[in-house]
Amino acid sequence: MTEPIKEQIIFDDERVPLSSSTEDESLTPETLFDEKVNFVPMQEQKSQEEQDQEKALESHLAKILAPPRKRPFFKRLLKGGLYMTGVLCVWQVAETIYNAWLAQDLLTIGWSVAVLLLASAGVSAFIRELFILKRLRRREKQKHQAQKFSGSHGVMPARVFCQNLAKELQMNKENPYYDRFLNTLTDNHTETEVIELFDAIVLSKVDKQALYLIKKQTKQSAVMVAVSPLAIADIFLVAWCNLALIQDISKIYGVELGYWSRLSLFKMVLFNMAFAGISEFAIDTGIDALSLDLTAKLSSRVAQGVGVGLISARLGLKTMEMLRPLSYAKDCAPKLADIRKSLLSDFT
Amino acid sequence: MKIVQNLTSGMEDLINRGLDRHIRLAVTGLSRAGKTAFITSLVNQLLHTSTHDNLPLLHATREGRLLGVKRIPQTNFCVPRFAYDEAMRDLSGQPPQWPSATKDVSEIRLALRFKPQKGVMKYVQNTSTLYLDILDYPGEWLLDLPLLDMDYVTWSQKQAQVTSQRQRYAGTWLTMMEDFDPLAKVNEDQLEAISRAYTQYLFDCKEKGGFHWVQPGRFVLPGDLAGAPILHFFPLINLDKYDATALNRAHKQSMFAMLQRRYNAYCKQVVGAFYRDHFSSFDRQIILVDCLSPLNKSAEAFNDMRQALAELMQSFHYGSGSLLKRLFSPKIDKLLFAATKADHVTLDQHEHLNSLLQQMIKEAWQTAAFEGIDMDCTSIASIQATQSGIIQHKGKKYSALKGYKLNNDPITLYPGEVPKHLPEASFWEQQGFSFIEFSPRGYVLDEPLPHIRLDKCLEFLIGDKLA
Chain A
1 MTEPIKEQII
11 FDDERVPLSS
21 STEDESLTPE
31 TLFDEKVNFV
41 PMQEQKSQEE
51 QDQEKALESH
61 LAKILAPPRK
71 RPFFKRLLKG
81 GLYMTGVLCV
91 WQVAETIYNA
101 WLAQDLLTIG
111 WSVAVLLLAS
121 AGVSAFIREL
131 FILKRLRRRE
141 KQKHQAQKFS
151 GSHGVMPARV
161 FCQNLAKELQ
171 MNKENPYYDR
181 FLNTLTDNHT
191 ETEVIELFDA
201 IVLSKVDKQA
211 LYLIKKQTKQ
221 SAVMVAVSPL
231 AIADIFLVAW
241 CNLALIQDIS
251 KIYGVELGYW
261 SRLSLFKMVL
271 FNMAFAGISE
281 FAIDTGIDAL
291 SLDLTAKLSS
301 RVAQGVGVGL
311 ISARLGLKTM
321 EMLRPLSYAK
331 DCAPKLADIR
341 KSLLSDFT
Chain B
1 MKIVQNLTSG
11 MEDLINRGLD
21 RHIRLAVTGL
31 SRAGKTAFIT
41 SLVNQLLHTS
51 THDNLPLLHA
61 TREGRLLGVK
71 RIPQTNFCVP
81 RFAYDEAMRD
91 LSGQPPQWPS
101 ATKDVSEIRL
111 ALRFKPQKGV
121 MKYVQNTSTL
131 YLDILDYPGE
141 WLLDLPLLDM
151 DYVTWSQKQA
161 QVTSQRQRYA
171 GTWLTMMEDF
181 DPLAKVNEDQ
191 LEAISRAYTQ
201 YLFDCKEKGG
211 FHWVQPGRFV
221 LPGDLAGAPI
231 LHFFPLINLD
241 KYDATALNRA
251 HKQSMFAMLQ
261 RRYNAYCKQV
271 VGAFYRDHFS
281 SFDRQIILVD
291 CLSPLNKSAE
301 AFNDMRQALA
311 ELMQSFHYGS
321 GSLLKRLFSP
331 KIDKLLFAAT
341 KADHVTLDQH
351 EHLNSLLQQM
361 IKEAWQTAAF
371 EGIDMDCTSI
381 ASIQATQSGI
391 IQHKGKKYSA
401 LKGYKLNNDP
411 ITLYPGEVPK
421 HLPEASFWEQ
431 QGFSFIEFSP
441 RGYVLDEPLP
451 HIRLDKCLEF
461 LIGDKLA
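Respectively, the protein sequence lines represent chains A and B.
Numbering-wise, this note's numbering puts 81 at position 81 of the first sequence, and it's gapless, one number per residue.
Numbering-wise, this note's numbering puts 30 at position 30 of the second sequence, and it's gapless, one number per residue.
These are computed hints drawn from the structure, not numbers from a lab.
Some hints could be false.
Unchecked claim - With the Cβ distance kept under 8 angstroms, some of the chain A side facing chain B (calculated, not the full set):
id, residue
1, Q8
2, I9
3, I10
4, D179
5, R180
6, N188
7, L197
8, A200
9, I201
10, K205
11, E321
Claimed, not checked - The calculated DSSO-like cross-link candidates involving lysine-lysine, where the alpha carbons are at most 30 angstroms apart (straight line), are:
id, chain 1, residue 1, chain 2, residue 2
12, A, K216, B, K115
13, A, K6, B, K420
14, B, K397, A, K148
15, A, K330, B, K465
16, B, K397, A, K6
17, A, K318, A, K330
18, B, K465, A, K6
19, B, K115, A, K208
20, A, K205, B, K420
21, A, K6, B, K115
22, B, K206, A, K335
23, A, K318, B, K118
24, B, K118, B, K465
25, B, K362, A, K6
Note that beta-carbon positions come from the ideal geometry of N, C-alpha and C, so glycine has one too.
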């Protein structure tokens with residue numbers, strides 16, 4: 001034993017009231033969180049040597065796997081050029097306005113101001129996009145953080161983590177589920193238990209909302225495909241439905257999708273659309289070839305609708321998984337089979 | 001319509017009877033491990049589930065599927081009822097007290113009504129009932145179970161080994177053993193006197209030495225057997241002084257033959273009956289371990305408890321069986337080790353308590369792990385007696401506990417650190433531990449008892465049956 005074991009202390013001389021360990025701390029939650037979250041209990045058990053070895057291996061692997069980096073010199077040139085262009089732009093604008101002011105050229109001043117306004121709108125949109133992207137990336141990080149808590153026995157960080165999550169999900173203390181979570185929580189719950197409780201009491205309700213939405217949207221797109229007479233109309237309707245679905249789910253999970261994140265999800269939507277188109281084509285030709293009667297045609301359209309609906313559902317579930325701040329608890333991930341069941345029962 | 005209704009209700013009855021959703025939970029622990037407190041709190045928590053949100057980590061209550069719990073009369077009429085009301089009276093008294101130590105076997109049966117979530121039952125019936133049988137008994141008696149596998153000579157040899165480490169308490173008994181001749185004719189008075197000295201030695205081991213492994217258990221807690229001749233025997237500790245063949249050929253009326261007969265009768269009639277009636281058919285088991293009290297005593301006390309737990313494990317059947325096996329020869333398929341009195345240390349020490357528990361039960365764990373059953377380790381407080389928090393002391397922040405000592409004086413303290421591993425023996429000479437006992441305050445009338453992680457225990461032990 002390296003450190004001596006601490007002895008008993010009796011505090012009877014001063015009758016200072018106990019402060020609850022959750023309410024205590026003048027520390028701001030954010031800093032506390034960062035300080036404590038760094039420890040990973042598993043690593044403690046490894047010897048220093050092993051850790052070093054692992055680190056060396058990892059960095060080696062990272063080097064191999066990393067995308068080819070741009071030459072630093074080239075990068076520096078590019079950066080310098082960009083900065084300089086920016087400064088020059090500002091200078092140019094300032095000088096133009098100044099000169100126009102001197103020459104009393106109101107038209108030039110007007111134009112400059114107009115361009116300036118447009119430019120600042122562009123810049124602010126750009127900054128906003130960056131901000132949103134950062135938030136989405138943080139969501140990904142949160143999942144890892146929550147996993148780090150598993151098995152650890154500390155007391156504070158998980159609470160702060162959950163508080164922040166609740167804030168992001170736009171929940172305040174009036175929200176019945178969040179309130180129930182806060183009420184069930186005692187000082188004695190460990191990190192893992194706090195995360196588990198938050199997952200089960202608060203997040204599961206959010207999941208339910210999202211699932212309800214997915215089911216509704218799935219049904220809609222299935223009906224649309226089943227009913228619409230034109231293949232091309234299918235494609236657009238389903239695409240529109242799916243985009244709306246992604247938007248709604250992200251809103252439920254308190255994340256606004258940015259341009260890039262939407263792009264990556266959009267890829268899946270495109271795939272979905274392509275599927276709708278191809279299946280349409282395949283069924284049409286198939287029916288033509290076999291010259292089936294109307295009822296058969298109708299039922300095949302229903303089947304097609306169900307198929308497309310299921311792909312929508314899969315997209316919705318994927319979106320949920322991406323946007324959910326915690327990974328699903330064991331055996332708790334919503335399954336496509338459940339949605340299929342409800343979809344089929346609606347159609348038949 | 002009415003016919004259909006009748007039919008479904010009839011079906012439900014039939015299925016309930018046929019399926020017999022039923023769990024026997026073994027609450028195992030040495031004496032003073034907190035079995036009675038655990039059972040009291042468990043019953044109390046479950047009874048409150050319909051009105052309070054007191055078990056959030058039990059999935060069925062969290063999801064609102066556990067509709068209610070009721071105490072129902074047990075099926076075994078020969079066993080006394082578990083004194084739940086008396087225990088609650090003790091806890092709510094002025095001043096509150098821990099439920100008194102168990103003196104005899106008792107049983108309680110609970111019916112848990114819940115909405116099934118999975119499986120065929122979901123479609124057949126709206127609600128389902130799980131019957132939970134819990135048995136309480138003195139921890140001392142548990143230590144007798146290993147006797148079933150030993151004959152008198154083996155037991156004596158084993159006791160000789162154990163006694164060699166506890167010489168300082170055995171003085172009187174050992175001197176009496178000096179002039180005891182096993183081959184002489186039976187002398188009832190001498191047998192009684194020596195067994196009395198032996199009993200005193202066992203008491204001293206328990207109280208002064210903090211040792212738990214004292215056999216036979218009925219000597220220290222005889223129940224209705226007090227004074228009966230079946231308890232008048234003792235291990236023949238100086239066995240090596242006698243020739244084995246001479247002992248084997250000893251006359252029927254000799255002391256040795258009498259000791260042997262009494263030992264065998266004890267094993268068969270007392271221990272065997274206890275085992276057969278109560279211990280042969282468990283489905284789930286929780287082993288409660290009080291890691292703190294042996295720490296207060298010595299390293300030997302700790303190792304002694306560890307030994308006792310390892311021995312105990314041999315008496316239970318483990319293994320996951322098929323449905324048929326479950327019906328005819330039930331085995332324990334889930335096992336939970338729990339360090340009790342987690343409220344006696346500060347929150348940051350719970351992890352240490354856990355790893356200390358792991359050290360304590362290492363051998364027991366290995367025994368059960370071989371059978372491939374589901375096992376876990378946790379730290380709990382059945383009835384939370386302290387309030388934890390943070391205190392300013394000389395400009396520094398300490399995590400602290402606030403509670404009442406057993407004599408009801410209020411106290412606020414940092415109880416000291418729990419070692420992650422058992423320290424070396426020299427540590428007790430320099431520093432030692434002094435984890436104090438607290439009296440059970442904090443119970444508010446008509447509210448569930450405060451607890452730490454009892455819900456997690458329940459989830460592990462019966463959670464799958466409530467799904």
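Evaluation of the provided hints:
1. Q8: Check passed: Cβ of Q8 of chain A comes within 4 angstroms of chain B, closer than 8 angstroms.
2. I9: holds, 4 angstroms
3. I10: holds, 4 angstroms
4. D179: violated, 11 angstroms
5. R180: This hint holds: R180 of chain A lies near chain B, its Cβ roughly 7 angstroms from the closest one there, short of 8 angstroms.
6. N188: holds, 4 angstroms
7. L197: holds, 6 angstroms
8. A200: holds, 6 angstroms
9. I201: holds, 7 angstroms
10. K205: violated, 11 angstroms
11. E321: Hint violated; E321 of chain A Cβ to chain B Cβ min 22 angstroms, cut 8 angstroms.
12. A:K216 <-> B:K115: Answer holds: K216 of chain A to K115 of chain B is near 27 angstroms, not above 30 angstroms.
13. A:K6 <-> B:K420: Distance ~12 angstroms between K6 of chain A and K420 of chain B Cα, so the pair holds.
14. B:K397 <-> A:K148: holds, 26 angstroms
15. A:K330 <-> B:K465: The given pair, whose Cα atoms are some 17 angstroms apart, holds under the 30 angstroms limit.
16. B:K397 <-> A:K6: holds, 14 angstroms
17. A:K318 <-> A:K330: It holds: about 17 angstroms lies between the C-alpha atoms, which stays within 30 angstroms.
18. B:K465 <-> A:K6: Given pair K465 of chain B, K6 of chain A is violated - Cα atoms ~43 angstroms apart, limit 30 angstroms.
19. B:K115 <-> A:K208: Holds. K115 of chain B to K208 of chain A sits at ~19 angstroms (cutoff 30 angstroms).
20. A:K205 <-> B:K420: Status violated; Cα separation ~39 angstroms.
21. A:K6 <-> B:K115: Distance of about 49 angstroms is beyond 30 angstroms: violated.
22. B:K206 <-> A:K335: violated, 57 angstroms
23. A:K318 <-> B:K118: Holds, because 25 angstroms separates the two Cα atoms, which is no more than 30 angstroms.
24. B:K118 <-> B:K465: Distance ~10 angstroms between K118 of chain B and K465 of chain B Cα, so the pair holds.
25. B:K362 <-> A:K6: holds, 25 angstroms
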